[in-house]
Every structure is written in C-alpha cells, then in structure tokens.
Amino acid sequence: MSRPLHVALAGNPNSGKTTLFNNITGAHQHVGNYPGVTVEKREGRCRYADRDVLVVDLPGTYALTAYSAEELVARQFLLEEKPDVVVDVIDASNPERSLYLAVQIIELKIPLVLAFNMADVAAARGLTFDTHLLSRLFGAPIVSTVGNKGQGTDALLEAARLVADGQFDSPAPEIRYGPEIEAELERLAQSVAQAAIQGDREARWVALKLLENDEAVRVTAPAALLAQADAAAARLRSVLGDSPEVLIGDRRYGFISGACQEAVRSSVEARHTMSDKIDAVLTHRILGLPIFLALMYLLFTVTFKLGNIPVGWLESLFAHFSDAVSSLWPAGSESMVRALLVEGVIGGVGGVLKFVPNILILFLGIALLEDTGYMARAAFIVDHLMHKIGLHGKSFIPMLIGFGCSVPAIMATRTLETRRDRLTTMLVIPLLSCGARLPIYMLLVPAFFPTAWQGPVLFSLYLIGIVLAVGGAKLLRATIFRGEPEPFVMELPPYRMPTARALGIHMWQRAWMYLCKAGTMLLAASVVLWAMTAFPRKPHYDRDYAGEIARVQASLAASTQPAQAAQHETALADLRQARASEDLAYSLSGRIGQAMAPAIKPLGFDWKIGTALVGALAAKEVFVSQLSIVYAVGHADESPERLGQRLRLEYSPLQAYCIMLFCLISTPCVATMAVVRRESGAWRWMFLQIGALTGAAYGLTLLVFQVGRFFTGTP
Amino acid sequence: MVESRICPLGRLGEGSFGTVVSLPANRHAQSRLKHMGLKVGDRVRVLRGGPGRWGPTLVASGNLRLAIGRGMAENVLVRPIGAEVEKPTP
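Residue numbers (the numbering used here), protein chains in the order written: chain A, 523 to 1237; chain B, 230 to 319.
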C-alpha cells in the first residue's frame, strides 16, 4: 500500500483545466477555500493503479507573478504543499502562450507533466507537434488530451505516476537568462543562502524573484539583500537597457519560442474560424447589446416561469408533510414540540427549500454562459458601459453572479486587479437582487399583483437594484475611490459546446452551497426566530380566551344548523387569532418589531414586517419563513402556500411593493457582511456598506410609499 | 501598397491588419499583455474597434482573441499592413 499521489492541476484560464479535473475526479470533489484568502480551492480524489490520487485544481492563471491573488495562491501552494507532480494543462491551440506557465513551474523545480489539451481543435487548426522533441526540451512527458470527449485521462494519470516515482528520465531544463543576468543571479543567490531566508525555496529562485522585483518575495528579504538586489537591477538596466523583470520574461519567451520553432508546425494560416463567425453576430456593434439584454431577460424568465412548476410540486409536498406531522397530535393541541416541528422546522425550511428549482435553473443558466464562452463576450460588450460608471468590464461578471448570490459574487471580485475596482464592485453587489431575495418576491408578487403585472413588477425591482448599483459605483468613484480605471485585457476563448457533465457539476456545486446554507444556517435561524416568536409566553391574557373558547365550542357542539355552526367556527378562529396576536406581541421578536414600529410606520410597515425584517438579517430568505411563522401562529393548521393569501388581507399592493423594495436595498445578510469584511480586510467597509444601504433603503421606501399613498389614496 | 506609418492599435480600423511594434511602457500592463500572448512582432487583425468606437478593441492574433481596453489600446503601437494581406492564403 503506497502513499497517495498528490497532483496539482495548473493551467491558463480557458485551457479546459476544469473539464480535465472533472474527468479525473468525477463527482468526488470538494470545494473550499485556500486558508486565509477566498480564492476557491477545488480538490478531488480518484484511484489509479491501486493508488489513491489526490488532485488539487489550482486557480487558472497565465503566470506565477505576485500581481494577482490567484497567481500568488497558485505559487504559494506549489511552494508550500510541494505536490508530487504538477500537471500543466496547455491550450494546444496556443502553445507558446500556455508554455510560459510551464517554464515558471520548471523554475520552481517541481516535477511536471504537460497535458496538451483540446488537441483535436489544434489539429483542425493545422498545428502539429513533435511531442518527443518538446518533451525532451521541457523535461516533462507530454500527453494529448481532449477534455470534453474524456480522452487521455488515463494516459495523463499514468504519466503523473511515472514522473512522481522518478521514472521519467529526461531532466528538467535549467532556464538560462544570459551571462549578465546569470552573473548577478549567482551573486544574489549566494547572499540569499547566507541570509538563509529561502526556507523551502531554492536560493536561485528567490534571487530571480528579487531581480524581477516581486513584491511577495521582497517582503521576506532583509533590507541589505533588497539593497543588493536593487543595485544589481540598476546595473542590469544600465548594461542591457531594460528592467530585469522585462529581460527575464523575454528570456523565458525566447526559450519557449525556440522550442516551438523546432517542434511545432503550423500548416494552415490562422483565419476566420466558426468562433469568429459567431462573434461577428454576438459582438456585433449594433446587435451585440440587444442580444446580450435578450439573453439576460431569457435567463430570468426561464428561471421564474419554468422554475415555478417544480416549485408548485414542492409546495404541496411540504403542505402534505406538515399535515402528516400535525396529525400525530390530537386536533387543537397546544403542544410546543408540534409547534416547533410544524411551524419552526417544516414551515421555516420548507418555505426556503421550495425555491431550490429557481436557483438550480439560474445557476444552470450561469454555468451555460460561462462554459460556452459567452460570459467573456458579455464582459466585452458591456465594457464601455462599465467604464462609464468607472468600473472595469470584468466587474460585470461578479455583478452578474450577484444576481445569484452576493457571497460568491464578492469572492469573484478577485478577478479585478486593483483594490479600488474590487472594493467599488464589492460594495455595490448587494444591490443586485440575489437569489435569496427571490423567495420574497415569489411570495409577494403573485399574491398582490395581477398576472399581467407580475413580470413588470419583478423586472422593476431588478432594474431599481441595477440603477442604484450604477449610481452607487459612480458615487464611490467620484468620492472615496477617485482615479483612472485599470487597463483592461481579457481573452475571448473560442465558443465551446458545454458538456452535460460539466454543467451538472457546476450547477450542483453552486446549488449545494445554497442548500448547505439553507440546511444549517437557515434551520438554526428559523428555530431561533421561532423561539423568539414563541417566548417569553404571556402569563395573563387581556381577555379570558380559554373561557370564551370553551363557551363557543359548547355552542358549536350544540348547534344543529350548518349556518349557525359556521358562525361559531369563525368566532372560534377569530378568538384563536386574537390570542395568537397577543402572544406574538408579547414575545421577544414582537417586542423588537414593536420597538421598530414607529420608525418604519412612515414606510407602510407594521410591527410584523419589522419582526420579519429582523429575521432577514440572518439571510434574506428568512424574511419569508419569519412571516410564515408570524402568521401561522394564529392559524396553526394553515398550510404554507396560503401565506400569500393571508398577507393579501393585511397589506395593500403598495405596501407589498415597499416591502420588496426595502428588502432589495437594505442591509445585506450576515453571510454577505462576513465575506465583505474578509475580502475588504477591514471592518469599516462592512459598516459603510451596512449604513449606506440601510439609509438608502429607508429613504427610497419612504419616498415610494408616501408618493404612492398620495396617488392611490390608500391609508 | 504597404503603409508603414506607426499608429496606436486603437486607431487601426476594423478589419485592418498590423504588426505590433511596441507594448505599453507600464510594466504591469506590459506583462499582462505578454502573459496573455501578445508580443512585439505579432501580426494582429482588428475584429472590433477603430477610431470613433466605444469600448475595447477586439484583436485576433493567431488563435487568440483578445479584448484590449481603450486606454491600453492607445499604448500598443502597430505598423499597419496593406490590404493585400487580407486575402486568405488558399
């Protein structure tokens, strides 16, 4: 029994790395974070040749510089975790560009396997490789793979095993940077070794990074060494006429292009491909934007219209489940356990889980946009719009993800290179209506608005969020984050047919994140909030409910005519509801809601809404479960889908709209707060966000309610 | 006819070809472009862009398609190549 084989998967973005990762590990994946930073870490396992293989999918990078968080994370991982072998996924259509990363891995002295992926596309483009020669030049085995057809997976694992076991005999090349740089490198490496700062790293590598002016390495070096490195850099600049960073990079490219000149043949002139033909339409100067908007509208329409069919099934399933659990107790029972189970647990979590179909479809749509390559076009199309609000075209992607969930969206701001761009994007993301607000809209929109109005009402909420996000970003860029936006370069990968498997894994992982949140945090929040609505219990009621109920029940039992019986039943229900209202008003959450009531009255909210808003702090969707608990208290046997109808009796459409507006804009959920705190690295950004959003929500809702009331004449 | 006047990439008309003469002096911008596969001497074709256009310039270089922001496209210098190159080789 040998120890597991540790494999790290590296490669450029769009090299098909993730597809290969899925092929190797199948469903045995775990998504987490690298310690201390929120760059996603994907790990997976498989068995090959009676050996456990642990595969880590490194973030997609073009190089291993200290310029971006992803590159730094990938480099730190390779340096610290020391995997047995790195599989570098090369986009076989762009070998020269892709091999730059390979050279940087070679410099780290880590055993390497090169996967020439999408070999079929490269062949169709007339590229042929002398893989034996390339393999010798790079000192690494080369395996041709076609990720989306599942070809080459076993060969790749076999090569990884060979290299890890030291059975591959071609030595890794030593990249030489020319006599002048080499001389400086050698001197600097000696000083590094004397200062003993290299740790697990090679002294030569540390010296190289010091010459390259690498911030992450410089901070580990003592002042004397830095001075020496700067002097060396100055000497090189005066002799060679350029900065060592540029010269060293050029030497690497020289090595690569030398190798490719010998080993890569291109028989066809690169020209219009199918991808370009699609781009001629999708990025068309006039058609591009309408197509983009249409696709976005389609995404949301499908999410809601198609998603609501299984939502209906789930609703009735939960209603049946609720009834079945209720029936374990005698009718009219006041059991706290029954109340906890039916109202706290089933009511709370059920109210949230039934929206999983919407979220699955939305994330499937986003996965489709990403995997086909359209997402990059979307960023290209909206770049000039984004520039107008002072943001990067790339900010669009985290913002689009913000419509799914603010938490991954804020994490996705890591693709932005400047802190300024990142913070601006991060701060406005909660204004983009996330998936967790959807349950609130899906509850209130159908309940309060006629069918013809439902689409426009929903669209208006999304639009208000977008307008506010744009305004917010503009405001931030004009005040706190003044300055020129970061230069923009982005690759538009060729369009690809996504594989069902990749879409499935993609969608499942994101839905799972939502489910975990619903399953753990929301259950806890629901139970705590239910307890807040149930305790403390009122010791003495204002009226003698028990006596009155007993009297009505006696009359009911005695009544002979159906009309009379119905009258008594109504009286009974009214009594129970009156008692429940009194209970709720006395409970902790009722008291918080009541304390808030005078402040939120001008917005058209009563204390029950206030109570539910307190709950929405835990997570936006808790607003729904909280309301369902608040209203189920008086109607213990009412099924959850009636909540909408129940609310219709209490509020006007204007109030319902104001509730949705307030939920859209106000304070983000605790998970968002936490991730903003972590990603921004400071409490003040989190507090700024909470304060600004809640203030804006209050002001705007006040305006809408008061103006709306004036026009509609509702009280 | 081959025109040899050097101009910024952003001024090259849609559909035109050019050879990259120099990359931006800004070290970060330069290394980004290089890492993404654009080098001095590369032949590029402008797919979307040209004077008077909003948004980034989309260029084709070999099998790569890169969207380069306005600011950066002004700092990449190219030598335009005459129209005869546009005919695809059979």
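Keep in mind that the hints are not guaranteed to be accurate.
Unchecked claim - DSS-like, lysine-lysine: derived pairs with alpha carbons at most 30 Å apart: (1) A:Lys631 with B:Lys268; (2) A:Lys1060 with B:Lys268; (3) A:Lys799 with A:Lys631; (4) A:Lys563 with A:Lys671; (5) A:Lys996 with A:Lys1060; (6) A:Lys604 with A:Lys631.
Unchecked claim - Listing some non-contacts, in silico: residues in chain A with all C-beta distances to chain B over 12 Å: (7) Thr583; (8) Pro617; (9) Arg619; (10) Gln626; (11) Arg647; (12) Gly672; (13) Leu684; (14) Asn735; (15) Leu762; (16) Leu815; (17) Met908; (18) Phe1057; (19) Asp1066; (20) Val1192.
In short, the hints are calculated from the structure, not lab data. By construction, the Cβ of each residue, glycine as well, lies at the ideal position given by its N, Cα and C atoms.
Going down the list of hints, with the structure as the test:
no.: 1; hint: A:Lys631 with B:Lys268; verdict: holds, 27 Å
no.: 2; hint: A:Lys1060 with B:Lys268; verdict: violated, 77 Å
no.: 3; hint: A:Lys799 with A:Lys631; verdict: violated, 42 Å
no.: 4; hint: A:Lys563 with A:Lys671; verdict: holds, 25 Å
no.: 5; hint: A:Lys996 with A:Lys1060; verdict: violated, 51 Å
no.: 6; hint: A:Lys604 with A:Lys631; verdict: holds, 10 Å
no.: 7; hint: Thr583; verdict: violated, 9 Å
no.: 8; hint: Pro617; verdict: violated, 10 Å
no.: 9; hint: Arg619; verdict: violated, 3 Å
no.: 10; hint: Gln626; verdict: violated, 10 Å
no.: 11; hint: Arg647; verdict: violated, 6 Å
no.: 12; hint: Gly672; verdict: holds, 23 Å
no.: 13; hint: Leu684; verdict: holds, 30 Å
no.: 14; hint: Asn735; verdict: violated, 8 Å
no.: 15; hint: Leu762; verdict: holds, 15 Å
no.: 16; hint: Leu815; verdict: holds, 16 Å
no.: 17; hint: Met908; verdict: violated, 9 Å
no.: 18; hint: Phe1057; verdict: holds, 58 Å
no.: 19; hint: Asp1066; verdict: holds, 74 Å
no.: 20; hint: Val1192; verdict: holds, 36 Å
Figure legend: structure checked against the earlier numbered hints; hints not met, in rising order: 2, 3, 5, 7, 8, 9, 10, 11, 14 and 17.
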